[in-house]
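Undergrad: Chain by chain, the residues:
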Amino acid sequence: MKRLDSRLLLRGLLVVFGLVGFALGALVASSSFARVTRSAELEDVFTDAAELPPDLVDQVVWADDPATLERQMEPLTRTGLTSAWLRAWEQVSIVSETGQIDGVEVYFSGSARESVISLASSWGGQSRTQLGHDLELTFYSLDGQIIGLTATESRFELERTTSSDTRTALTRERFDAVLVLEDGNWRIHHLVRRDVEREPWVPVVTD
Amino acid sequence: MRTLTKPSRRVVGVFVALLAAMAVWAARPDAEVLAVIELSELEVQSPATHPADVALPVTITGVIPGDVVSVIIESSYGIRPIEVIAESTSIQVEIAPSDHAEAGLVVIDVWSPNGYGSTTVELTPGEAVGPLDVYLGPRTMFANGNDLAMVVAVPVDVQGNPVATGTRVDTRTIRPDRSVEVDTTTTNGLLGYRIIFSETLAGPTTVSATSGAAIGPARRVDEVANTPVDLDLVLLDPVPPADGTALVRMATNELVDQFGNLLPDGTIVTLDAVGVTGVRRQTAATIAAVATFVVQVPDLPGQATLTAYVSTATSPPLVVDFEPAVAELPVRVTVPDEVDVGLQIEVGAVTTPLGSLIPDGTHALITLQSNGSDLRIVRRTQLYRGAGAITISRQELDDFGGAFRLTVTVLGVQATADWPRP
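Chains A and B, in that order, are what the protein sequence lines are. The first sequence finishes on residue 208 if you use my numbering, and the numbering steps up by one all the way, no holes. The second sequence finishes on residue 1512 if you use my numbering, and the numbering steps up by one all the way, no holes.
Keep in mind the hints are simulated off the structure, nothing from the lab. Incorrect hints may have been included.
Said to hold, decoys possible - Okay, the calculated bits of chain A under chain B, using three or more residues with CB under 8 Å as the criterion:
| # | region |
| --- | --- |
| 1 | 77-90 |
| 2 | 109-115 |
| 3 | 123-133 |
Since the model is a prediction, treat every value here as computed from it, not as a measurement. Think of the CB as a built atom: it goes at the ideal place given N, C-alpha and C, for glycine as much as any other residue.
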């Protein structure tokens, strides 16, 4: 009787083990299948385009144009310029998060493009997300091909993740920029940061 | 109490161990809720300003010997991380120019396992190097002494950084009359520019720019004639009769602006022709400041008024009288012998005032108007070698009543006859 009970218990445990193993196997298989599916359908087919968050457009504030401009900016040009500026920074955000440089040449040209591309692989663990911009037009060429602007305050959220923690900081920065119209797109040709006001890094805690 | 056999105890032990491992795994803390590390403050020192093309010294104080210290150089476009192992509590790091290539304000963040420090450095660009980035536009301007173009130069240093504000940019402008203008401006907001006003002589103006040793490619802007004065329209050929097919050439005078500059080739001139056949509009491009039009004559005689337009200039109207294209229009009506044919109407040979036959394909409109009613028979035929013919069946003629007035119209010229003949 004791021997029979032991055998029954042993068989029962084997059945339990079998079920647990089957469940784990199914879990691994479904996870792998999901990854393969996601890779094929989303990450490969749909590239990371610089989607422009609609709310972000409202976070761009243009100062009054200086009276010394040789040409007044057309409203449609300003709309396109605003979009180009936001998309360029969105592209920087994508580069910082993924290292992908596919869209860089759409929004940057010349040495600016080379710099963004050359630094794309160096972001590891740190990212930059735009929050808003205060812009001021400083130059508009007579033929409408070149624009100079000053971002009197561009606001970003920085995030740095290491093996031990994740920290974030808000930063307000001032840039001078030159944009050129190439193939119908405004592209950042030069970008020079003039000032930085950064708040302390704070740890990110999620309960 | 029953006891398990030894193999059973092993299996139970493995099972319990597995459950325990799963419990430990499930109860693991999330990465995000790891204990927050309080960072000590690292002292980071560097020059407030520093050339972008020279190695940047950074002194870090407060690190623990043996710690891996991350130095992150954040420029306008991204970050470059450097890792060093602290050999003492104070270390000095030389950041190579290639690791801080972008000029402007650079943030240097220093992270150690339990410390953080930061500083900023204004990296200054070097001297301008060639080729100088030069833009010129618009590429044409009116040679009226009042139009303008703009040359824009964006000097950069050897690392592609825009040079410092206030950098001198020299421009040289060679006018169509070979005169040379030299001017100087300075960069502001990463670029320098100069306005170039047009003069009054049309031709190519060449603009080049230099900044220090940097030389840019020369660009050209065409100074072109403005609105023409004394726009006129003249006939180049004798006016042909209104046969609807002949072509007549007419041209503008030589188009020049108020300063005597010829209008550039390709200037579009519009010609409006208003006559008895309606309104026609056509355009021509100037060649050697003259626009030539080839106009198809109307197919009805009468006057046509032609007017040319260029920009805001309008020519005085040119009135052309198109004579009838038909000089002789013989019409013969016969009664054939065939039973079912009532009448045969033959037109031709129709001749032009020059004595030639009218062009093949010209239409003849033949109308039979009943004398006693409103009935009408209308036929159209194309003339070949100046002649054409139609037949009216006997049945049609009987329905028609027998007596009518015949009218034949060719290119607006009519011939009439009554039937039966008076």
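Undergrad: Looking at the structure, which of the earlier hints fail to hold?
TA: 1
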